[in-house]
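Student: Protein sequences appear in the order of chains A and B.
Here numbering that gives the first Met the number 0 is used: position 227 in the first sequence is 226, and no number is missing along the way.
Here numbering that gives the first Met the number 0 is used: position 458 in the second sequence is 457, and no number is missing along the way.
Hints listed in this document are in silico derivations from the structure and should not be mistaken for laboratory results.
You may find that some hints are simply not true.
Covered stretches of chain B (in silico footprint by chain A; criterion: 3 or more residues with CB under 8 Å from a CB of chain A, positions within the stretch not fixed) [unchecked claim]: (1) 191 to 203; (2) 232 to 241; (3) 301 to 314.
Think about it this way: if two alpha-carbon atoms lie no more than 20 Å apart in a straight line, the pair counts; the simulated EDC-like pairs of lysine to aspartate or glutamate are [said to hold, decoys possible]: (4) A:388 to A:402; (5) A:18 to A:295; (6) A:81 to B:365; (7) A:464 to A:397; (8) B:370 to A:420; (9) A:213 to A:420.
Ideal Cβ positions, reconstructed from N, Cα and C, are used throughout, including at glycine.
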Amino acid sequence: MSATAWEMVVGLEVHVQLKTRTKAYCACSTNFGDAPNRNTCPVCLALPGALPVLNAEAVTLATRAALALGCTVHERSIFARKNYFYPDLPKGYQISQAEFPLATQGHLTLADGLRVGITRIHMEEDAGKSIHDRFPGMTAIDLNRAGVPLIEIVGEPEIRSSAQAGAYLRALREVLLFCGVSDVSMEEGSLRVDANVSARPLGETTFRPRTEIKNLNSFSNVEKALELEFRRHVATYEAGGTIAQQTMLFDAAAQEVRAARSKEGSHDYRYFPEPDLPPLVLTPEWISEQRDALPELPAARRARWVTSHKLSAAEAEVLSGTVELAAYFEAVVATAGDGKAAANWILGEVLAALNESGVALAQFPIAPARLAALIALVKGGQLSSTAAKTVFATMRSDTAAPEQIAQRDGLLQVGDDSALEQWIDEVWAEHPTEAARFAAGEQKLQGVLVGFLMKKSKGRADPKKLNQLLAARIAK
Amino acid sequence: MSRSLLDLTAAQLGAAVREGRTPAGELLTASLDRLAETHAGNDGLNAIVHQVGADDSAMQPLAMGPLAGVPVAIKDNLATRTLPTTCGSRILDGWVSPYEATAVRKLREAGAIVIGKTNMDEFAMGSSTEHSAFGPSRNPHDRRRAPGGSSGGSAAAVAAGIAPIALGSETGGSVRQPAAFCGIVGVKPTYGRVSRYGLVAFASSLDCVAPFGRTVDDAALATEIISGHDPLDATSAAHTVPAMRVGPGPLAGLVVGVPKEYFPDSLMPEVRAICDRALEALRAQGATIREVSLPHTPYAIPVYYIIAPAEASANLARFDGVRYGMRIEVDGVQAMYGATRAAGFGAEVTRRILLGTYVLSAGYYDAYYRKAQEVRALIARDFTDVFASGVHVLFTPTTPTPAFALGAISDPYEMYLSDIYTVTANLAGIPGISLPIGRVHGLPVGGQVLAPAFDEPTMFRAAYALEEALGAEAHR
């Protein structure tokens, strides 16, 4: 059998927890890590007679995410009940959206320029948590998470490698984070991934049967699981076998993908429109307000930085790495005006200081305004770049303004003619031979003399001024 | 003394208590005495299944309004604190709600005292109050007969003078039909007029909290009190509540439609004769009588028995033995669900859950549920068209026959047909009222007035006039 080149086909379904204060259909807190079942009420416990009421904040965040991902947000969407029995699903159904989702037809552009289609985004609610290892022989149930609002983002099967899948997830995470839609923390379960994968010979245009891998709790696990499952498909085909559509589970500890119990895939959820919630109707005006209120998205922001601040792509990438760092950079630029200098300072001194001290940017003692003031001192010629680094180091433990620190510690550059002349006279007296040779026209001695002058002025002498004054001495 | 006191209307009693002429305690004692008297012996009414304790503060008035000190009875599917809420089902045996239904709270805010919870067909599924874990209720007019259902306990309690006002609930006629059987007044308000918060759901898109009174004025008073928007029910309407106690008056200018589909050749001649007399009375007071057609009426029962069970199959999923109510302890969660639900639900409830699950299943949804929704829209349009043609209200018999004997109907489908004239209002969401208009062989016969959505005042206007004209012969 001749060696066939195989292509991986992947579509990702991502569940994202929205960053609301309260649950999707009741007023309970969404706070993570509270005592079990503390954040519950008749609605999210599904007590008889309790009714859901839609959280407007969840609608806003879901809409924002959909717009940031280029989706068409529908003026009318309909909630539906997804029916299944599970002990941590109190109502026996999940309120989701099926036939008429909130948004459709979006896309996400990856770092390498690949555009991946987004089929749909719909709103739904989370289930509670079953805890099997706490009480021997019993399952405990924590319903704090039951009713927490989620969106499901269904991607088109346009991803062709595990690396692309990773890039898609990182890009998605970045967009959601920057829009303030979600904390997108995989550890806290606020982002969960199901991956649909199939394999086909390169050049084949139809899709082969896919399997769905659930239980993927990190981006690297997504990539690993896809590789493993893809290889299984290929090996099966090469051995003349067939792949059946089924649900797989990834076992991170064993690093293997195995079939879930066959029931998983064959569930009939009996969706029907949720009669307790009227259709969600959004006006075009409201949708367009939400679009206008979107922050600049990371990719657009990076492009702007490269153009208007002359940053390199790599610099822009690092500076946009987190919401906080990007905001810090923007704040410094806003005051200092010099993007390149701000980038240099942040990528150099600030990141090094953060690394060394282990503090988060939010707790970093040098606020953007203070760094901007320091940059302004350098730019204005009051501080040499060497002296500025000394001031920066002091600012980490001293809340005084950089100018005051420089003044107090005698680090301000001296450009005053009489002071400079005084130092020149002193150096002339101390090093008469070199001075005489320089005055006679021996240019190369200028460097030596400047060195003496810098030492004498403790680095404070303004080099530009100094050079002018020295030039005048030749003429004498 | 007590007998005469309980013959007064709720409005009169409330005024007497408020003005200090009657102590509330005396009223409560009279009510509880009547309860004991009517519930004694082998053929006791069995209308009240959970009776208030003497010092139960959770059932006491919250303010001294128009119902000051007036005893009221509440159907067992409306959430009350301290008194159990069991829906006539073993699966909720002894369950006490930690919260109170909005309609119950509103009655207590108007001054009412809750004296007990009333018997019902399990989860409101039935038309006779025979399908209850507490056994059948009996009709005060003839103890061998059914009071109708599913709110038979509330109807019997009001008819027997235990309370002048009671709350029931409607999904397909569960208040109007027992009102007709027991010779009292029953009101189904417009869908959305009264909050469903705390009403244990049967079929959410059809369910309404619905009051009984012995007179049209008491029924109007109760409707007015429990109406209004509730932020806890997303389907409750924002409409302001109009005055409903419009009182008797001439009907000049009122056009009363008589839908021919409600007067088939097979209609019991005595019932037809009583209806004709009622129409004559309306005409005598100045109303114009016009024959109209509601062509999709024949589909109402089949459509109802697709939509209601479909919604019920999801609504009753929460009774799973996990969080509250009955649990049969067996190994394995699936087995526990099966054992609990098999033991907890009666035959009629089980039948409807199975039916509902079936019509929502993959491959059947379009043929049953979707088609039924389409036909439901046509039934609603029949009403819209008739009301748009200049007809203000419709008049029909409430039921094809007076109260049937306990145990007389064993075929479920035959039982379903007893709601044939009432389900249409639930499917269309419009208001309806049943009031006594005569007697056949000593048994009360009910007449029904239907009105456009949110036009309860016009509905009451016709009802007050009918009561005034026919009251003497219709009442006991």
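Student: Next step is simple, just say for each hint if it's right about the structure.
Tutor: Verification of the supplied hints:
no.	hint	verdict
1	191 to 203	holds (count 8)
2	232 to 241	holds (count 3)
3	301 to 314	holds (count 4)
4	A:388 to A:402	13 Å, holds
5	A:18 to A:295	19 Å, holds
6	A:81 to B:365	16 Å, holds
7	A:464 to A:397	31 Å, violated
8	B:370 to A:420	99 Å, violated
9	A:213 to A:420	77 Å, violated
Violated hints, listed in ascending order, are 7, 8, 9; each of the other numbered hints is respected by the structure.
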